[in-house]
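Asker: For chain A, the structure is supplied; the task is to place chain B on it using the hints.
2 protein chains.
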Amino acid sequence: MDMIRIFCPATVSNLSCGFDVLGLALEEVGDEMTIRRTSGSELSILQSEGPEIPLDPDQNVAGVAARSLLDHLGIQDGFAIEIAKRIKPGSGIGSSAASAAGAVWGLNQMLGTPLSNQELLTHAMTGEAVASNAWHADNVAPCLLGGFVLIRSYDPLDVIQLSFPKDLALAIIHPHLEIKTAESRARLGDKILLKNAVAQWGNLGGLISGLASGDHGLISRSLEDHVAEPLRKHQIPRFDAMKSAAIEAGALGFGISGSGPSVYALCKGLDPAKEIGRHIAHSFEPQGIPFDLYCSRIHPEGIRIIP
Amino acid sequence: MDMIRIFCPATVSNLSCGFDVLGLALEEVGDEMTIRRTSGSELSILQSEGPEIPLDPDQNVAGVAARSLLDHLGIQDGFAIEIAKRIKPGSGIGSSAASAAGAVWGLNQMLGTPLSNQELLTHAMTGEAVASNAWHADNVAPCLLGGFVLIRSYDPLDVIQLSFPKDLALAIIHPHLEIKTAESRARLGDKILLKNAVAQWGNLGGLISGLASGDHGLISRSLEDHVAEPLRKHQIPRFDAMKSAAIEAGALGFGISGSGPSVYALCKGLDPAKEIGRHIAHSFEPQGIPFDLYCSRIHPEGIRIIP
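Those protein sequences? They're chains A and B, same order as listed.
Following the working numbering, the numbering of the first sequence begins with 181 at its first residue and continues without gaps.
Following the working numbering, the numbering of the second sequence begins with 181 at its first residue and continues without gaps.
The hints are simulated quantities; they were obtained by calculation from the structure and are not laboratory data.
Treat the hints with caution; some may be incorrect.
Pairs involving identical chains hold if they fit within one copy or between any two copies, as the list cannot separate such chains.
What the hints assert, rightly or not - Here are the simulated lysine-lysine pairs, DSS-like style, with alpha carbons at most 25 Å apart: (1) Lys-413 - Lys-371; (2) Lys-413 - Lys-375; (3) Lys-346 - Lys-454; (4) Lys-375 - Lys-360; (5) Lys-413 - Lys-360; (6) Lys-448 - Lys-375; (7) Lys-448 - Lys-346; (8) Lys-346 - Lys-371; (9) Lys-360 - Lys-346; (10) Lys-454 - Lys-360; (11) Lys-413 - Lys-346; (12) Lys-375 - Lys-454; (13) Lys-413 - Lys-268; (14) Lys-360 - Lys-268; (15) Lys-268 - Lys-371; (16) Lys-448 - Lys-360; (17) Lys-371 - Lys-454; (18) Lys-448 - Lys-371.
If we strip away everything but chain A, and leave its shape as in the complex, we get:
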């Protein structure tokens, strides 16, 4: 295969009670990536669309992820990776993960799938670490594997694909604000109250049980965050107002996507998600900050070839 064109979905991680361990892949929001073989032995990064990204392959998450994979496989061929960057960097819906995961998934396809998607994870994480300065999988894993995933463990890495009701959909508001992930993480400190930790794992257990059994009421009751949201929500203007609007309009839950600034509402059905999205947007508008609204189902596959 000399060329591949793929869709690399945006992802929502953390999801209230799932800090650092949960993520899901969106269906209708994502980057496009085209990878071509070249005659030399170089990796090159091109950009066809979107906010400017580094084109030096050693500074670009897709380049670093691709290099990690190619070195692992002992492949010295040249490839050009062209990115249509539609997920804004810094939005909190997995922009760098889409590039890192897309590069390794696309190359793996072109090379005859020598590795499984699970095996691609560490290479994608190596790429993403360039952007986030952290070793985390809660965006690259759902991007690569699709659906709703749990990072059970980082050492060893153990990523579980969860069962979930197929009618779930999300409304996402991305306020055009900059939140530095490192600062957002520093807010949390190194320790948490045991009672908050217990409340969090009770909810995480409830969420996973509810997802498995298709119990929307249990999913809804479980979407509480006792750890990050209380400390981080102040970085997002009108957070409480948006949350109230979402819940009143019928959302199952509402919280911060990743470390923000995007916020998500989990909903039962795509049409309700669109309606709930309008209510959240209406509640955010008086703030006067530009924003994007995305509504999407969860995609069971993650990255996929564009026919």
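Answerer: Okay, now just chain B, sitting in the frame of chain A:
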């Protein structure tokens, strides 16, 4: 109904990654309780078997739980509760919970089941608080509801009955040691490292996903405790040796039951549990402390009438 005779199962709580939120009901280990109507308006406690328990209804967990229920229902009839106490108090397998839950469940049956088992929970918890000085549900809930339960939340109380593979069984060793629950809890402190909390909720998520999908490998990998076991295991002689023996003999996981001193091995099948129990016992014997060994399936029903 003027008389009822019931089996009140022992319960295993915490279960490694499920500190304060998980519990399960055993099939073959438990107390017997006989409740009879009496002519007066008094509650009385009788004991037919086992280590001495308080017979003053205001000091006895069954008495306090029964009084809470009867007051709630406005019932002033007299009842005599006779307990064959086969679960040793202080064993860490829900001795007080069996008495508290048994009293309210049995009375509720005699009164024509005015309350659901979920509604009985707070009355049983009121009784158990007499013994443990704490408001917790991780023994009374599985005792009342049966099976494997998750306490998603205490405020409001929300107890979830989990799906689990029917072949699970446990081997339990109860070393005849006294561990004071309050001291055991004090060891934990009020705060934990965020990274340990994340590891714990990753494992709890994995366990609940594995229980729901019948993935024994995932159940096994998830039975890790980053919170209580590292601090509490030193209270139990030969803990590490017993754990190694259990895992080498094929246990899915091994940890402290409740706050100890009992330890449990979760196993795939009752015969393997018996074999694994022998290995754990063999590993504990050199310590020279008397102990009991119990092997049991998980019972889906919890408290039940003895025909």
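Asker: Against each hint, give a clear statement of whether it holds in the structure.
Answerer: Going through the hints against the structure:
1. Lys-413 - Lys-371: both (19 Å within a copy, 22 Å between copies)
2. Lys-413 - Lys-375: both (20 Å within a copy, 21 Å between copies)
3. Lys-346 - Lys-454: Within one copy only: 16 Å inside a chain, 42 Å across chains, cut-off 25 Å.
4. Lys-375 - Lys-360: between (28 Å within a copy, 20 Å between copies)
5. Lys-413 - Lys-360: within (14 Å within a copy, 40 Å between copies)
6. Lys-448 - Lys-375: neither (30 Å within a copy, 32 Å between copies)
7. Lys-448 - Lys-346: Close inside one copy (9 Å), not across copies (31 Å); limit 25 Å.
8. Lys-346 - Lys-371: Neither. Shortest intra-copy (36 Å) and inter-copy (38 Å) distances fail the 25 Å Cα cut-off.
9. Lys-360 - Lys-346: This pair counts as neither: shortest intra-copy Cα distance 33 Å, inter-copy 48 Å.
10. Lys-454 - Lys-360: neither (29 Å within a copy, 55 Å between copies)
11. Lys-413 - Lys-346: Result: close neither inside a copy nor across copies, 29 Å intra and 43 Å inter.
12. Lys-375 - Lys-454: neither (36 Å within a copy, 36 Å between copies)
13. Lys-413 - Lys-268: Answer is within; shortest intra-copy Cα gap is 20 Å, inter-copy 48 Å.
14. Lys-360 - Lys-268: within (14 Å within a copy, 55 Å between copies)
15. Lys-268 - Lys-371: neither (32 Å within a copy, 37 Å between copies)
16. Lys-448 - Lys-360: neither (31 Å within a copy, 47 Å between copies)
17. Lys-371 - Lys-454: neither (38 Å within a copy, 41 Å between copies)
18. Lys-448 - Lys-371: Answer is neither: 35 Å inside a copy and 36 Å across each miss the 25 Å cutoff.
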